[in-house]
Amino acid sequence: MASGGSLAGRLGRIRTSRDEKKVSESQNNSIPQLKFPWEQVKSFVSMRQEIFTSPFTINSARSDVSPLFPELKNSSIENLLFYDLETTGLSGGAGTLAFLAGFGWIEHGKLIINQYFLHDFPGEIDFLLLIRELLTDNRILVSYNGKSFDHPLLRTRFLMKGLQLPSVSEIDLLHSSRRLWKKRLPSCRLCIIEERILDIHRVNDVPGMEVPDIYFNFLKTNKPEPLEGVFKHHLQDIKSLAFLFAHMEKLWFRPSAIPSNDKTSFGKLMLFRKREEGVELLKESFLKKDQDAGKILSIYYKRKGALTAAVNIWKEMWDNQHELFQGIELAKYYEHKTKEIETALNIVKLLRQKESTGRIIEALDHRMKRLERKCDSG
Amino acid sequence: MNNLKDKLDNLASNGAFTDNVTRWEKISSRNGKYKDIPEEVFPVIRDTLTKRGITRLYSHQAESFSSVAAGENIVVVTPTASGKSLCYNLPVLQKLIENPEERALYLFPTKALSQDQQSELNEIILSGEIPIKVSTYDGDTPSSVRVSARESGRIVISNPDMLHSAILPNHPKWIKFLSNLKYVVIDEVHIYRGIFGSHMTNVIRRLKRIANFYGSDPVFICCSATISNPLELARQIVESDLKLIDKSGAPTGEKHIVLYNPPLVDPVQGIRRGVVLESSKIATKFLISKIKTIIFARSRVRTELIASYINKNLKNHYNENKKIRVEAYRGGYLPRERRAIEKGLRTGEIQGVVSTTALELGIDIGGLDLAVLAGFPGSISSVWQQAGRAGRSNTLSAAIIIASASPVDQYLVKNPDYFFERSPESAWINPDNIFILLDHLKCAVFELPFQETDEFAGPVSDFMSYLEEEGVVRLSGGSWYWADRSYPAEQIGLRSASPDNIVIINTSKGKNEVIGEMDLPSAKELLFQNAVYIHRGEQFLSRELNIENKCCYVEEADLNYYTDSIVKKDIKLLQNDAEELSKTCRTIIGDILVRSQVTKYKKLKFSTHENIGYGDIYLPEEEMHTRSAVLVLEKNTVSGKAFALIDESLKEEVIGRAGTVLKNVAPVFLMCDSHDIAVAERLKDQYTEEPSLYFYDSCPGGSGLAEGFLNKFPYILKAASDLISSCNCEGGCPSCIGPVSAKGQEMVKGEVSKFLKTWLNSTMDNTGDSV
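Read top to bottom, the protein sequences are chains A and B. Its first residue numbered 1, the first sequence is counted upward by one per residue in the numbering used here. Its first residue numbered 379, the second sequence is counted upward by one per residue in the numbering used here.
For the record, the hints were derived by calculation from the structure and aren't laboratory data. Because the structure is a prediction, the values reported are computed rather than measured. One thing to keep in mind: the hints can contain errors.
In the BS3-like style, the derived pairs of lysine-lysine whose C-alpha atoms are separated by at most 27 Å in a straight line are [stated by the list, open to error]: (1) A/K232 - A/K147; (2) B/K554 - A/K147; (3) A/K274 - A/K73; (4) B/K586 - A/K161; (5) A/K161 - B/K950; (6) B/K554 - A/K161; (7) B/K961 - B/K950; (8) A/K354 - A/K304; (9) A/K274 - A/K182; (10) A/K220 - A/K232; (11) A/K288 - A/K304; (12) A/K315 - A/K337.
Sample of chain B residues at the chain A side, in silico, Cβ under 10 Å [to be verified]: (13) W402; (14) I405; (15) N548; (16) F574; (17) F813; (18) E830; (19) D840; (20) E847; (21) S854; (22) Y859; (23) M1125; (24) G1128.
Quick reminder that beta carbons are idealized off the backbone N, C-alpha and C, glycines included.
Excised from the complex, chain A in its bound form:
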């Protein structure tokens, strides 16, 4: 190739043209030291421990383990490890790392939370080793969206340092929250759950979006004050996890305390977990005209062979509203069980008039033709 400027020369030129436009931010390469009372446990890692009253009111030694979280079988509340990470980026990838990790557990009626803070990149391996110490075999991790974000990120960090992340089972409370509250909350983000379910109201909370920049600023300036907000935010995240878990448990064991607008989703989840208490919750909801409760309950009865109970629900729902679900169920019942073909046909005709979705119309027409045939021949 013909002569070309050396790379350093080109770099110098674009540096000059850039520096004309902006003054580079001041840099600080010294090892950041935190001024507040955290214990420096490794050369680049600090730790603090906070102790709170345990949110779990039920005797933790009880034998009745909540089937809400089947992972807890053969374990107790004290095996839970509530955790959360704060990271340097939100899109993942090998260049995103965790700089703050918190773990909380229940011990002697207390909620103990350890927070580990990474002052600078070279300490990451120590930071990860400290985390690994906590991840013993008997632990069950509890997170909020950890299965999709925090856990894979930790696995990546461990891999990059040539370490193996111990395999520990995990309960992701985001999934449970969605099951219970998706229908009535605008979203199931942790802050919404706190406000609407746990009655926890954060004051001057640092938005998650701003966290990475606060950390990078700290690395550049060595001024730890703005981090206080991040630490507080992070501590609250872990506390909320424990409180949310306790809240779900409490409601599970005391269904009478479940707010009326959550009875359907709790009942549904209980039935899904094979707990008969769900039936009572659904009945209560259905009494208050909750159609979803009627659907779930009737299907439950039908599967159990309690057809009369199911039919009663469908009839009540049908009297209330000529909707597809109850209509079809009744039509099937009249056609196949009681052989009241004409009654079935009338129901299907009513449904057909109201329906506008092509696929459903097709199915209804099919059913209608069959019924008409039976009508004629009978």
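Based on these hints, arrange chain B on the given structure of chain A.
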């Protein structure tokens, strides 16, 4: 096939046609050179090959097999349809069966090619019992399949863009794959030239770095079309030694190559019949006889024009039931539109296709008999690739190359030896383009911190301190770490200088439908407000080009003209990197600043191309740093003295015309498009204070073309001089120095010719090089 023979005979005896043929080359058929399938090849592979009718190998396939088996990096250079994919599939499959942990990565420049390769491999694997899982990993791969590709794909087929933006930044997820990565196949390596190639080297640097991190050191298998420097290019891309395998053992059928120069309409002004109409006419002749034909056009607009002309011609000749279907095919179509056309060609439902280079790469469209090239495709290797589209192994095929009025075309059609006898064109890249390098250094440090002493295109510490000043990396404890919240690969595209694509939206009759995409610089020149944009033969009128929101709203239109924009440019030399004074001229290589603005557009009537009006364009100015070669016609050098002799009143014209001719023929030697390199002529340059010619790279930071230009300058100068002497026009035409209309300029052509000749002679004396 006799159909084609009849047609060709017919044409050969047609004086009106042959009068315009500058060369009718008959390449006779050639027998294949075969080797037995090596003994160690597993029976399971052998059986599969037998089922596909392969009982022995072509010599180059056998050579590839033994080289790869011996752990050598190779670059295979053989013509189209020579069984190239077996050169990598055979050794890779063999080795992967032998060593059940090993994995291979196949990189293709386009998604379409990956899909093609996946289906070919699947055929091989499914027809036998070969226990190798092949997974495609590209933008269209659903996330459920992605996990299985990472975990259990033994061969992963992907493209450089995915490697760059998805695989490398998430390498810990690929640990299984990367720690066992043994083979990397890079097909169509000649495509990785210019900006794309400069990015590619850096992506491969990153791949090797991560592979080493996981303890693997893959063998590279590259394939290239015929260029003069395949080995050099492959070496620049993989930065390792490779073995060149370039003797094809594949048989070829008889092939006719016809060079056709459309007749002069106006000999004085040197105006010829247009390539669009001529190629439509010639292609129609063959299509009527149901000869499967592909027509290659040089631009998207021409693709659409030719397709519509042919369809019009056919409509006049044929009734409905003899319907012959001809489709246009080009970039900017949506993938499903493309797949439908490819399929139609394979099944025979479509008899003719008019395409840009989009179809040049090995996409399977079944056998074709004739290729019509509407204009030279810019490089000799492209000519052979496009011509190779017609005819598979043993059948007669033909390629008719129709020269346009462009200087490159005119040079090549009048100097057919250049075309048939040697291939001086070579591919240029500039992996150390500072902008590209810095972009990839960001990605690399994101992927894995750098130690202070690490190297990546040289010691990293200078670059890292630069990035530290930018605030995106941090030095701590002797290592550089990525220290920014962003995901750098996301903002870096490999194919163009700017990542901003404009989405084209059809808003006719309340529609809101995306019909295509275009990069920003092209969009400024093609989609400005009131531009006529042609898509799949449909005309659209641009209503609004919204640069901020990266979209352009167009409406269907029915107009009798198309549009062409006029760009104004201003240049400043920022830094003189290297300077050389010879007795012929002074040359400088350096960095320049180019300011450009699209200011006006012309309206040109369809068919006649006559100018029927102007309009203004209001778009913001673009600024670009790039590399340039500068030729200074200094007083006491030969070129300077020759220039000084020219009459004052003609000087500006002469330097302008000379620059244009040089720039116009340069792509023949540099394997670039004519718009990849630009020229600016200065009668008295503010920096050199002498008459000067700037030849600069159109891509920010440069893609190797400025350096390539100086390297090839003696050839370029000779081609420019030859072009003017061989042009029969009187005082200048679009095919040589451009048309001369103003009074008192009749002398210009002679002056330019004399000037370039004097310069050329001294250059040859100087270098002792008999160009």
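We went through each hint and held it up to the structure:
no. : hint            : result
1   : A/K232 - A/K147 : holds (23 Å)
2   : B/K554 - A/K147 : holds (21 Å)
3   : A/K274 - A/K73  : holds (15 Å)
4   : B/K586 - A/K161 : holds (19 Å)
5   : A/K161 - B/K950 : violated (49 Å)
6   : B/K554 - A/K161 : holds (16 Å)
7   : B/K961 - B/K950 : holds (25 Å)
8   : A/K354 - A/K304 : violated (31 Å)
9   : A/K274 - A/K182 : holds (21 Å)
10  : A/K220 - A/K232 : holds (21 Å)
11  : A/K288 - A/K304 : holds (24 Å)
12  : A/K315 - A/K337 : holds (15 Å)
13  : W402            : violated (39 Å)
14  : I405            : violated (34 Å)
15  : N548            : holds (6 Å)
16  : F574            : violated (18 Å)
17  : F813            : holds (8 Å)
18  : E830            : violated (12 Å)
19  : D840            : holds (6 Å)
20  : E847            : holds (4 Å)
21  : S854            : holds (5 Å)
22  : Y859            : holds (4 Å)
23  : M1125           : violated (35 Å)
24  : G1128           : violated (32 Å)
Hints 5, 8, 13, 14, 16, 18, 23 and 24, counting from the list given before, are not met by this structure.
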